[in-house]
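Please build the complex by placing chain V on the supplied structure of chain E, with the hints as guidance.
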Amino acid sequence: MTLFVSLKEAIAENVFDGDVVALEGFTHLIPYAAGHEIIRQQRKDLTLVRMTPDLIYDQLIGMGCVKKMIFSWGGNPGVGSLRRFRDAYEKSWPHKLEIEEHSHAAMANAYEAGAAGLPCAVFRGYLGAGLAEVNPNIRFIECPFTGERLASVPSIRPDVSVIHAQKANRNGDVLIEGIVGVQKEAVLAAKRAIVTVEEIVDNFDDVHPNACVLPNWTLKAVVKVPGGAHPSYAKGYYERDNAFYKAWDPIASERETFQAWMQDNVLNQGPEAFAERVAFTPAKQ
Amino acid sequence: MNYTPTEMMTVAAARAIRNDDVCFVGIGMPSAACNLARLTHAPDVTLIYESGTIGTKPDVLPLSIGDGELCDTAVTTVAVPEMFRYWLQGGRISVGFLGAAQLDKYGNLNTTVVGDDYDNPKVRLPGGGGAPEIATSCGEIFIVMKQSARGFVDNIDFMTSLGHGKTGTERESLGVKTKGPSRLTTDLCIMETDPATREFIVTSIHPGVTREQIIENTGWAIRFADQVVETPAPNETELSALRALNERTARAHAGQ
Numbered sequence: 001m002t003l004f005v006s007l008k009e010a011i012a013e014n015v016f017d018g019d020v021v022a023l024e025g026f027t028h029l030i031p032y033a034a035g036h037e038i039i040r041q042q043r044k045d046l047t048l049v050r051m052t053p054d055l056i057y058d059q060l061i062g063m064g065c066v067k068k069m070i071f072s073w074g075g076n077p078g079v080g081s082l083r084r085f086r087d088a089y090e091k092s093w094p095h096k097l098e099i100e101e102h103s104h105a106a107m108a109n110a111y112e113a114g115a116a117g118l119p120c121a122v123f124r125g126y127l128g129a130g131l132a133e134v135n136p137n138i139r140f141i142e143c144p145f146t147g148e149r150l151a152s153v154p155s156i157r158p159d160v161s162v163i164h165a166q167k168a169n170r171n172g173d174v175l176i177e178g179i180v181g182v183q184k185e186a187v188l189a190a191k192r193a194i195v196t197v198e199e200i201v202d203n204f205d206d207v208h209p210n211a212c213v214l215p216n217w218t219l220k221a222v223v224k225v226p227g228g229a230h231p232s233y234a235k236g237y238y239e240r241d242n243a244f245y246k247a248w249d250p251i252a253s254e255r256e257t258f259q260a261w262m263q264d265n266v267l268n269q270g271p272e273a274f275a276e277r278v279a280f281t282p283a284k285q
Numbered sequence: 286m287n288y289t290p291t292e293m294m295t296v297a298a299a300r301a302i303r304n305d306d307v308c309f310v311g312i313g314m315p316s317a318a319c320n321l322a323r324l325t326h327a328p329d330v331t332l333i334y335e336s337g338t339i340g341t342k343p344d345v346l347p348l349s350i351g352d353g354e355l356c357d358t359a360v361t362t363v364a365v366p367e368m369f370r371y372w373l374q375g376g377r378i379s380v381g382f383l384g385a386a387q388l389d390k391y392g393n394l395n396t397t398v399v400g401d402d403y404d405n406p407k408v409r410l411p412g413g414g415g416a417p418e419i420a421t422s423c424g425e426i427f428i429v430m431k432q433s434a435r436g437f438v439d440n441i442d443f444m445t446s447l448g449h450g451k452t453g454t455e456r457e458s459l460g461v462k463t464k465g466p467s468r469l470t471t472d473l474c475i476m477e478t479d480p481a482t483r484e485f486i487v488t489s490i491h492p493g494v495t496r497e498q499i500i501e502n503t504g505w506a507i508r509f510a511d512q513v514v515e516t517p518a519p520n521e522t523e524l525s526a527l528r529a530l531n532e533r534t535a536r537a538h539a540g541q
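Heads up: the protein sequence lines correspond to chains E and V, in order.
So for the first sequence, the numbering used here puts the first residue at 1; every next one is plus one.
So for the second sequence, the numbering used here puts the first residue at 286; every next one is plus one.
So that you can see chain E by itself, here it is in the shape it has in the complex:
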């Protein structure tokens, strides 16, 4: 049964130390507010999964919540490196970080296989690529029909997946629009799923029948957090804060400036702060 709960309750009841956690969003609809709540609740030894870990994973890593990261592209898009990720991986600060690295195609296929209840994904990939030599979770199989050599990776089955979406209806069904990334697959692949949403509406009577909707029985918790994707964005509500992504680089480059920023903007704040960080489009004001 889906529950409308507070963000604090949603994280407390569904994210535990040592869990495999996917906070997905392909640039769009990244669940920042939920990530901040995980930091405030000081979860430890998490294995974070995501195709494009960006600032929120940098923050979780820098705050010592993470044991391992499984990813395919870890950077600040258009800006450069994730400074906290590199500090943890290269210099073990605040502690050592393990990594398991894939390509986007591998991770997208692995999420899909997880959603489909399969043990592994099969695809034409990693041909001649070095990752296959350093990651034992990349193997090759022979097609039983043609003999073609194909890549295979284990399916992704997170303990909990967290996503942000545009809206939920009163029943707790959730609508995602725009760049939908791998959010649907991440939710269906997980044992438990939390969704933060911009707003809750009476019904989805005006929604296109082919829209991406996750029925309430696929979710454990639905939480209203307006602005909860900032500095990422929610199509139809507010735009990506590209200026903040650029501003993050100098903040994250030094341990001291990073810690001060986290104290002021995460530890001393709650999810309600997110609504003030975005400029909602006129139609939604």
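Because the hints were derived from the structure by calculation, they are not lab data.
Among the hints, erroneous ones may be present.
As the list claims (entries may be wrong) - Distance condition first, Cα-Cα at most 30 angstroms in a straight line; then the derived DSSO-like pairs of lysine-lysine:
{"no.": "1", "chain 1": "V", "residue 1": "K407", "chain 2": "E", "residue 2": "K91"}
{"no.": "2", "chain 1": "V", "residue 1": "K451", "chain 2": "V", "residue 2": "K431"}
{"no.": "3", "chain 1": "E", "residue 1": "K67", "chain 2": "V", "residue 2": "K407"}
{"no.": "4", "chain 1": "E", "residue 1": "K68", "chain 2": "E", "residue 2": "K220"}
Claimed, not checked - Derived DEER-like restraints, expressed as beta-carbon distance ranges:
{"no.": "5", "chain 1": "E", "residue 1": "R255", "chain 2": "V", "residue 2": "R496", "range": "45 to 53 angstroms"}
{"no.": "6", "chain 1": "V", "residue 1": "D401", "chain 2": "E", "residue 2": "D206", "range": "54 to 62 angstroms"}
{"no.": "7", "chain 1": "E", "residue 1": "R139", "chain 2": "V", "residue 2": "D404", "range": "13 to 21 angstroms"}
{"no.": "8", "chain 1": "E", "residue 1": "P215", "chain 2": "V", "residue 2": "D357", "range": "24 to 32 angstroms"}
{"no.": "9", "chain 1": "E", "residue 1": "A211", "chain 2": "V", "residue 2": "G493", "range": "49 to 57 angstroms"}
{"no.": "10", "chain 1": "V", "residue 1": "A539", "chain 2": "E", "residue 2": "R255", "range": "55 to 63 angstroms"}
{"no.": "11", "chain 1": "E", "residue 1": "E148", "chain 2": "V", "residue 2": "N440", "range": "41 to 49 angstroms"}
To be verified - Here chain E is said to cover these stretches of chain V; the calculated rule only asks that three of the stretch's residues, wherever they fall, bring their Cβ under 8 angstroms from a Cβ of chain E:
{"no.": "12", "segment": "331-338"}
{"no.": "13", "segment": "348-356"}
{"no.": "14", "segment": "369-378"}
{"no.": "15", "segment": "457-468"}
These figures come from a predicted structure and were not determined experimentally.
Ideal Cβ placement from N, Cα and C applies to all residues, glycine included.
The following block gives chain V in isolation, referenced to the frame of chain E:
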């Protein structure tokens, strides 16, 4: 008209895009070149970004691979697993346009680590993202990259994406059917793949650039084609379109 080496590079890279191409676009310089092509000689080119946007026509360059502008102006936006399975792996993309931190003369690309120990790198780079499969599934690969002896190396530290392999013959031996890297545009020159050896050779030199400059900024023993031409300088249409695009982009990314 005066222009910078970066403008020359972007314009020269854009010219390689054909109007009927379906192009898988990497972020940064490839994105600038592909959109400049669309705004000048290739208005019907289909641009695809790995976030799932197909046929996008952004007014400003995206800072990330999934800016809202890309979805808002696209013919359609599909889920990321569909993008990689049906569209890329399905063989529906004619050109993959990539950049890299390091490349070698066979067009093998590294965006993973600097240093030869993967577990203890000198520099941990963001990683391959879509590139390992873009490199083998797109019809051919164009590369755009600022030329330097540090980036253009004899041996890349890590094989993120296959070009023509360590000896130039690996695509064939691995059963890869696509053409691979065919063209490399830099701020100094244009290189094309030698059909015999599969290595990049200089075929066109940008105005004012000397052969010595190209040699100095290349970490391998660079070869020049028998017939080397001079790259036509950017014309007014190309330059004004590029500058307007860059100005719109800078304004948008500053939050204005």
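Results for each hint:
1. This hinted pair checks out: K407/V and K91/E have alpha carbons roughly 11 angstroms apart, not beyond 30 angstroms.
2. Proximity of K451/V to K431/V is assessed by CA-CA distance (about 22 angstroms); at most 30 angstroms being required, the pair is judged to hold.
3. Restraint check for K67/E and K407/V: the C-alpha separation of about 21 angstroms stays at or below 30 angstroms, so the hint holds.
4. For the proposed pair K68/E and K220/E, the alpha carbon gap of about 25 angstroms is at most 30 angstroms, so the pair holds.
5. For R255/E and R496/V, the hinted distance range of 45 to 53 angstroms is satisfied, since their beta carbons lie about 47 angstroms from each other.
6. Judged by the Cβ atoms, the range 54 to 62 angstroms given for D401/V and D206/E holds: they are separated by roughly 57 angstroms.
7. Judged by the Cβ atoms, the range 13 to 21 angstroms given for R139/E and D404/V holds: they are separated by roughly 20 angstroms.
8. Range check, P215/E to D357/V: about 27 angstroms between beta-carbon atoms, so the 24 to 32 angstroms window is met.
9. One distance hint, 49 to 57 angstroms for the beta-carbon pair A211/E and G493/V, holds here, with the actual separation near 55 angstroms.
10. About 28 angstroms separates the C-beta atoms of A539/V and R255/E, a value inconsistent with the hinted range of 55 to 63 angstroms.
11. A C-beta distance of roughly 30 angstroms is found between E148/E and N440/V, which places it outside the suggested range of 41 to 49 angstroms.
12. With a cut-off of 8 angstroms between beta carbons, the segment 331-338 of chain V has 4 residues touching chain E; three or more are needed, and the interface restraint holds.
13. Residues of the segment 348-356 of chain V lying with their CB closer than 8 angstroms to a CB of chain E number 8, which satisfies the three-residue condition for coverage.
14. Counting residues of the segment 369-378 of chain V whose CB lies closer than 8 angstroms to any CB of chain E gives 4, so the stated coverage by that chain holds, three being the minimum.
15. Proximity of the segment 457-468 of chain V to chain E, defined as three or more residues with a beta carbon under 8 angstroms from a beta carbon of that chain, is established by the 3 residues found.
Hints 10, 11 from the earlier list are contradicted by this structure; the remaining hints agree with it.
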